[in-house]
Amino acid sequence: MSFAAYLQAVGACIARQDGPQLRDLVTIDSGAAQQAVMQARQGNPGWNPAHATSRLPEGWAEFFSSHCACLAALQDGSRVEAYEKAVAALHPFLKVFREDAGAWVVSPMHSVVHNLRSVAQMADHELRRAGQRPDKLGDCGDQLRKCFAVSLQAPGNKDKKLAALDIVNLSIKIYFRLNTLRLCKNLMRTVDSRQFAAFNAFPAAQRVTYKFYVGRLAVFDENYQEARASLEYALQHCHRAAQRNKALVLKYLVPVQLLLGHLPSPALVAAHQLHQYEPIIAAMRSGDVKLFNNTMDAQQFRFIQEGTYLLLEKLRYAVFRRLLRKVHAVHAKLEPEKRAQIPLAQFQAALAMQGLELDMDEVECIAANLIFRKYVKGYLSHKAKIMVVAKTDPFPPLDTAALAD
Amino acid sequence: MTGRPPPPPPPQQQQWGGQAYYGGYYGQQGYEGYDPYQQYNQAYYAQQQQQQYAAAAGQPPPPPSDDASAPPPPPSKDGEAPSSASAAGYDQQQAQQQYAAQQAAHGGAYSGYSGYYGQQPGAYGQQPGAYGQQQGYPGAYGQQAGAYGQLQGYPGAYGQQQSYAGAYGQQPAGYPGAPHYGQQQHQQGPQPGTYGAAAGQPPLPPGKPEAASSAAVPAWKAAADRVAAAAAAGQRAQQAGSAAGRSPAGPSAAAGAFDDSYNAVPPPAALAGAGGGAAPAGRRTFSIRPQLPRQQPPPPASPLVAAFKQAAAQLGPGVAGAAAAPAYTAVQVSSQQQRMAAAPAAAAAAAVSPQQWPPALKAWVERAFKAADVRQRPKLQEVLKKVIGDAQAAGELWTRDWESMPMPDLSYSAADAAAVLAEVAAVSGSSAAAGGAAGAAAGAWGQQRPGAGSRWSSPAAPPSQQQQSLAQAAAYAQQAAAYAQQAAAAKAAAARGGKGGGSRAGQRYRLDTGGEDDRYGYSRGHSRQHGQAGKGRKRSYRSDSSTSDSDEEHWSYAERQRRQRRAGRFADAGGRLGGSASSWRAEEERRQRLLAVMDEGSDEEVDWDSLAIKGTCQDLEKSYFRLTSAPDPATVRPEPVLRRALERLVGLLRAREVGYFYALDQFKGMRQDCVIQHIRNDLAVQVYEAHARAALEYGDVAEYNQCQSQLRTLYNEGVPGSKLEFLAYRIIYQAVHARHGEILQLLNTLKKVKREEAAHPAVAHALAVRAALAAQDYRRFFALYASAPALGRALMDIYVPSLRFDALGVAVKAFKPTVPLPFLACMLGFAAASPACSAGKAGDPASSSPSTNPAPASELASVEEPGKSDAGASPSKPDSPAAAEAAAAANGSAGAGAAAGPGAASPHAGGGAAAAAAAAAAAAGGEEEEVPPPGCRETHYVGDYPAKDDLEEGCQDCAAWLAECGAVVTGGTDGDGGGEGGAFVASQAALDCKASAAQQLKMPEEKAKVAHGDENLKLEDFLARF
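Taken in sequence, the protein lines are chains W and G.
Just so we're aligned: the first sequence equals residues 1 to 405 in our numbering.
Just so we're aligned: the second sequence equals residues 1 to 1026 in our numbering.
Calculated directly from the structure, the hints in this document are not laboratory data.
The structure displayed is predicted, hence computed values, not measured ones.
Honestly, I wouldn't trust all of these hints.
Which stretches of chain W does chain G cover? Using the computed rule of at least three CB atoms under 8 Å from a CB of chain G, they are [as the list claims (entries may be wrong)]:
#1 301-309
#2 358-366
A few chain G positions that, by computed beta-carbon distances, are all more than 12 Å from chain W [what the hints assert, rightly or not]:
#3 R367
#4 R755
#5 T939
Glycine included, C-beta positions come from ideal geometry on N, C-alpha and C.
Construct the complete structure from the given sequences, taking the supplied hints into account.
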């Protein structure tokens, strides 16, 4: 596509207010745009996009001028400059977005903000390689805040609010990358507020992304019920073909479910390549403290990098409980009339068989914690070294345990 | 410091009326103003064109008689044409090289140059008429040129080791050469900024060890004396009514500042770096002061000569000659030679097409173009043309090392450089004339040497021409003084003029470099100066003129006496007053430079480091004061002083001579000094680390946090330090605060812990602490508390109260009916976990050998024993202490790291005995270091909640704490614990869980160690500040 043809297509989209097609034309991954810019520059080394785009309507002309300059800079491999151009393109676009009464501008907004973020990331990469401080992504976060504000105001047309969730998602993505997650809270509060458009009005893809992030953030707040709800929502609404996204959701959903006492089926684990959790699940099933500890040790760095370590660590008490439950079952068989009184020495021996050799004080400490956290109903007799468990339902469901401190 | 070459003079022609300006400027300043170029030329020639150079330089001192007859070179501008191209070319190149070399040795040079430019307005003050004057006294130039030629013979004799002294030696020579400025230079000397430039120098480059510094000191002294001499000359000049130098600053101010220059803080080495202080004025001053100068009477060229000679004579033949010679001579000669060589060469240069260039050159040119801004390209082209033409002219197109050639500096244009050199050439006349003049003037010089009057009024130079010029010099100088005093704007101008003079002085010191060995002397001399300034400042500074030195040996005894007297006269007069005045000036200049930077816009990389203040304060003890304005260099300590101050404070802390609040105050002061001076090296790390440790030891978590965050960035910048120790602290801190929103940061930190870092004992311990906290494993936490390395305990202290309270909650909830206090005391860390603690319980130490410890089969058998044994009351086995010891020994041999390592991953591994053993091993490891870590008072930090070894004591503490919490304790005296009645025996008491659960338990109130109020403020600490 020649540049003239590209501009013509753009002009036509603007004229008939065709948002989706304009979105495709505006994205930096658009082959048409790249080709057009490439051709224009090959034909004329001193090519100035500002001249070429001047025929477009006001606002759009400035936007496309900067946008094409951004593309040109990307083709030259200078990403930092490209980011500057992308930022320069943002401002005329926001002006258009503000002034245009039609909701069709929502679609190109998606492209614009996504362009901005990916160029910022590339620029940061370039800066990092050059040994400079990568600050473009952080700046991009600031720029997105402006976009968010404009789209939240939605001047002239309430439907323009529908651009907001995508911007929120992008922002959260940046915050995750920059490890500035406390900034997410405000955005999420806004999403939940009445000011925001109805959640179901947004495209499913955006909802899924948003819920995924909400779920992940809830884990950090130790709000596991909410985490489970959000991640399940994301999993259920995820496009069936989006296997990678599903696996990503499951990577965080499985530990949460484990924590709440739901073990995934082997088929699910196999289907989504969640093999790292297999030994954990096995340990949960059998109360194998040794396996659990070994897995946590061996996979420590991986889990830490994935951000699930602190979550998985909390499964330890569940594994202890499982072991205690086994001890309880054995003890019940041996002494049916004293089934509610589990000698701690037996628990200690069981732990020792797992390779975890603890003295009685430590065993008592674990047992006390199990009781305190409601993994087990009962009490300890220090004097008799006996754990007295409730006659009915001594091991309540895991999701009733006090997981959070 | 960056290797970036400093910006040479910006193009200012338009502003200053083009050639007229340059003509005037160089007419006036010919011998001093353009020194950097001369310098480079000189070095260049010494280096590259030795044969030619030798022809001039090697000539013996000519007979003293034939100078008068030397035809003065016409100061016509015609002479400039041939030289300009080649000279500029040389300058470009040489400047780059020299600057680069110099930068490596010494960062202050850059500012020095800026200072040089900054001072120019002062010089402009004189220029308008100067040119005319110059026309009127052509003879002076001829003479001088001749003098240079003659002087050239000296450097060789002067010797290498003198080169440094030469740098200073130059000054006196320069001084009389420009009486007008000379004094100002001296006034300028003590500028704190200046001083800081020298003082804040990095240590000597590795290539020059003691030799440099040892040479530097005496040289410095010599310089000091010369400065004194020059000052004396200045004084005489004043007395003679030709105190032109004073004019700008006003008599009294000048005198004050003048005194200061000799006796106040800065060592003369700083004088050499005077530019450093003057620097901030930057180019900006160019546009600031165009209007002032016109009224000022131009000092004619002849006084320069006269004064020059006079001073030279005064200083003694050898010294003065050596000192003065190199600066001018080499340059003059070289420029002449250059002109001769370059005239045809420049033409030839254009003829060689780029295709014939060596590839390295092509690559260099390409690089230069790439590096340059588009707007700079025309300029760059010009510069490159000169450089290449020059190389061609020298026949070095293929031999020069283009690969290592620095990029041409475009902040000044080739045109400027060319113009500068053109003027130089014009002043010194045609090459032919100059040759003759060299010989002739040399005679003048030699003749003058023996008896050259020590007074202006009685010059002993016999040749009539000289006398004439001297007389004229005096006249002009008088005139200048009168003008200056009359001038309405004298005061404002004075500051600037003085400044200018000062920086030029700095510039000039640098110029010199004595002997032939010193072709690279420019940079070398510099690094020496600075090395000296950094190291031997104190000594050299105090003993300014009293020590003998190769320079001084040339002086007669009487002369030395006189010098000493004179030096003594100013010894106590300087001090603070002058210091603050000059510091104000330096500050003003810095401000100006900052403004200039801001004006220039942000498209250029601003070297902020060059704008950083260089402190001059020498105090080891300095209280923190939160700055409310720009810092005064006089109150900021340079790096070497800071190092000593830190050493002192650490020593005081170790000796426990000072309290925390004193240390806090001192540390904050040091941190501030570091920040102000952009010190971000190991020193900064040491300061922050020591402060963080001191704060931890005292329990001042807020200060610790400040230090930790700074340390983190510093470590990330790659500055070495106790990185892992502080990583461990950070992990503990974040783990401790994980529940209060630090969990994300903790995760972030954990993500960055590398495997090999995790193996470090301190980090492993920290990770174990984190795991124990996550698991709420109280037993393990307190075991780790006992075994914490370094100051980890200080951070764990933060969490102990709430952890204990949580544990109490757990105990109350989980146990029924009672929990014996010994158990609780051990679990909550009131009593040391020992076999005695769990005596009467199933805790068989033999069974608790950790998995890392390969247990013998017999022990493995005993593992089952607790399981089999009656849970009720298995008495501790008689052999258990021995077994515990064995386990402890095995563990100890494995080392604390091994014990903590696996424990880190699996917090439940390892039993009580193992934990105790680990604790013992760690404690043993800690005791090996006799000296407390920097910043600490104690070798072994005990922590706020040390477990009591005695069980009963621990139980007492536990009982007291339980009472504070509101828990109910039964037994002891009459409870079911079987008390003996009467006295309360805590180890027999028990926590009544049911009764306690009914109570509203409350956490005992913590007293903040560093109160926001003054309840904890120690009066003696407070008073110690005064």
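Consistency of the hints with the structure:
Residues of the region 301-309 of chain W lying with their CB closer than 8 Å to a CB of chain G number 5, which satisfies the three-residue condition for coverage. Restraint check on the region 358-366 of chain W versus chain G: 8 residues with Cβ-Cβ distances below 8 Å, three needed, restraint holds. The beta carbon of R367 of chain G is kept farther than 12 Å from every beta carbon of chain W, the shortest such distance being approximately 16 Å. With a closest Cβ-Cβ approach of about 7 Å to chain W, R755 of chain G is found to fall inside the 12 Å limit, against its non-interface label.
Taking the minimum C-beta to C-beta distance to chain W, about 31 Å, the non-interface status of T939 of chain G holds against the 12 Å cut.
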